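*Asks:* Sequence:
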Amino acid sequence: MLIRLFCTIFFVALFSVPFGAIAQEQASESTTAEAEVTAPSQAVSVEPVARDDEIARRILEIMRATGWYSGADVNVTDGIVFLDGRAASEDHKLWARDLATKTQDVVAVVNRISVVSEVKWSFAPALREMSGLARQALTSLPLVLFAFIILPLTWWLSTQAAKLARRWILGGINSPFLKDILARTLALPIFLIGLYIVLQLAGLTQVAFSVVGGAGVLGIVAGFAFRDIAENFLASLLLSIRRPFRSGDYIEVADMGGTVRSMNTRSTVLISPEGNHIQIPNSAIFKSTIVNYSASPNRRDTLAVGVGYDVSIAEAQTLILEVISAHEATLKEPEPMILVDTLGSSTVNIKAYYWMNAQDYSILKVRSALLRQVTNKLTEAGISMPDDAREVIFPQGVPVLQLDGAAEASARSLAQIELAETNADQRKKTSTEKDVAVEGDLANETAEVAKLTAETELDDEATDLLSDEG
Numbered sequence: 153m154l155i156r157l158f159c160t161i162f163f164v165a166l167f168s169v170p171f172g173a174i175a176q177e178q179a180s181e182s183t184t185a186e187a188e189v190t191a192p193s194q195a196v197s198v199e200p201v202a203r204d205d206e207i208a209r210r211i212l213e214i215m216r217a218t219g220w221y222s223g224a225d226v227n228v229t230d231g232i233v234f235l236d237g238r239a240a241s242e243d244h245k246l247w248a249r250d251l252a253t254k255t256q257d258v259v260a261v262v263n264r265i266s267v268v269s270e271v272k273w274s275f276a277p278a279l280r281e282m283s284g285l286a287r288q289a290l291t292s293l294p295l296v297l298f299a300f301i302i303l304p305l306t307w308w309l310s311t312q313a314a315k316l317a318r319r320w321i322l323g324g325i326n327s328p329f330l331k332d333i334l335a336r337t338l339a340l341p342i343f344l345i346g347l348y349i350v351l352q353l354a355g356l357t358q359v360a361f362s363v364v365g366g367a368g369v370l371g372i373v374a375g376f377a378f379r380d381i382a383e384n385f386l387a388s389l390l391l392s393i394r395r396p397f398r399s400g401d402y403i404e405v406a407d408m409g410g411t412v413r414s415m416n417t418r419s420t421v422l423i424s425p426e427g428n429h430i431q432i433p434n435s436a437i438f439k440s441t442i443v444n445y446s447a448s449p450n451r452r453d454t455l456a457v458g459v460g461y462d463v464s465i466a467e468a469q470t471l472i473l474e475v476i477s478a479h480e481a482t483l484k485e486p487e488p489m490i491l492v493d494t495l496g497s498s499t500v501n502i503k504a505y506y507w508m509n510a511q512d513y514s515i516l517k518v519r520s521a522l523l524r525q526v527t528n529k530l531t532e533a534g535i536s537m538p539d540d541a542r543e544v545i546f547p548q549g550v551p552v553l554q555l556d557g558a559a560e561a562s563a564r565s566l567a568q569i570e571l572a573e574t575n576a577d578q579r580k581k582t583s584t585e586k587d588v589a590v591e592g593d594l595a596n597e598t599a600e601v602a603k604l605t606a607e608t609e610l611d612d613e614a615t616d617l618l619s620d621e622g
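Note that the numbering used here gives residue 174 to position 22 of the sequence shown, counting from 1, and the numbers run on in steps of one.
Treat the hints as calculated values from the structure; they're not laboratory data. As the structure is a prediction and not an experimental result, all values here were calculated from the model. Hints may contain errors.
Label-pair restraints from in silico Cβ distances [unchecked claim]: (1) V443 <-> L483: 41 to 49 Å; (2) K484 <-> L316: 53 to 61 Å; (3) E474 <-> L390: 31 to 39 Å; (4) P294 <-> I321: 33 to 41 Å; (5) E480 <-> A456: 20 to 28 Å; (6) S448 <-> R319: 30 to 38 Å.
Ideal Cβ placement from N, Cα and C applies to all residues, glycine included.
Given the sequences, and given the hints that come with them, work out the whole structure.
*Replies:* Laid out in structure tokens, this is it:
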């Protein structure tokens, strides 16, 4: 019995000293900002066969010594520990559980401690992060300086490679736009190698691969978002390769007509005969039918004349052929065709087909001059050109009244008719002289319109894809 009592006192004294020191040390550390949370390093011994109240008392003393728990309470029943109270963090709650688990003669632990987070206003975490960023910046400074050397160097090398490719490898390509794209494509790997070296030294290779993988998805999204822009760009590339028209050509496309001024990566600019600037998207031009009137200098035009049924149609055709063949703007080959087109209500409609040099002469001016000359020629030959017939019905007949002085009035009417005929002859002669004067300037007005609108500056005109400068 004495031996057993002696052993009990020895063990109590042995374990009470270190645990008391631990409790005092942990109590002192609780006054600091935050103590380190760790699990007990070894099992907690009470006595060879510990009683429930002794286990509860020992665990409660240790928990209170830490200062981490408020309202702490420990109950032990048949070796089962019930922990109650409030802790500031989940780590403190787990620490209490581990403490009870490692206590001598504990069978199980029921942890009912609730975690109540406390709001602390402190700039210490922010200051620690800022100091960490500052240290990282100082550590990465040599890599940044190296990147500022490598990236401009690789950019310069890629530019020089693009110039060499344009001059020696892609010299046979006529399209400046296509040549520029191919040169940049050949020079791009040089810059990518320099970028890879910088990322590899910075330890961001995996990040770069992730960005490239994400760029594929972003490219699909951007493709849908900027579909029209990409479509116009590709249409510009194909148009610059095929060259269906050149700068200065008169074309009709998408129900618009005008002289081509320039083409950029977005649209083509036309100058209408009225001097207006028309911008048509290149995708619409690529999908539409293009009529290029300047592709060939020769162009066929028509004019229509209606003569009366009482005249010789063959004679009228001969006179019209003589006028058209003799004109300086019309071509002798192919020979003009003068054909009867339709039979109208009061006229026989004749249509003349002729070819002319549309590059040097204006189609509108030449047609106007030919109509004047044909009208004068047919009038001099006595060929009538009546307008559409109109039928007037008098249900009660046409009354005829003989008034006093009718003879004098008739004489005056005859005199007025003779005077009118004389004036008509003089006007005809004057008109013929004016026709000759007007026909002296039949030049194409396209160059004049382009000259008048040349002072207007347009966006992206510096990157004209129709320019021959490569």
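*Asks:* Determine for every hint whether it applies to the structure shown.
*Replies:* Against the structure, the hints come out as follows:
Under the hint 41 to 49 Å, the C-beta atoms of V443 and L483, about 21 Å apart, miss the expected range. The given range of 53 to 61 Å is respected by K484 and L316, whose C-beta atoms sit roughly 54 Å from each other. The hinted window of 31 to 39 Å between E474 and L390 is violated, with their beta carbons roughly 49 Å apart. Taking 33 to 41 Å as the suggested C-beta distance range, the pair P294 and I321 conforms, at roughly 38 Å.
For the pair E480 and A456, the beta carbons lie near 22 Å from each other, so the given range of 20 to 28 Å is met. About 35 Å separates the C-beta atoms of S448 and R319, a value consistent with the hinted range of 30 to 38 Å.
This entry does not satisfy hints 1 and 3, going by the numbered hints stated previously.
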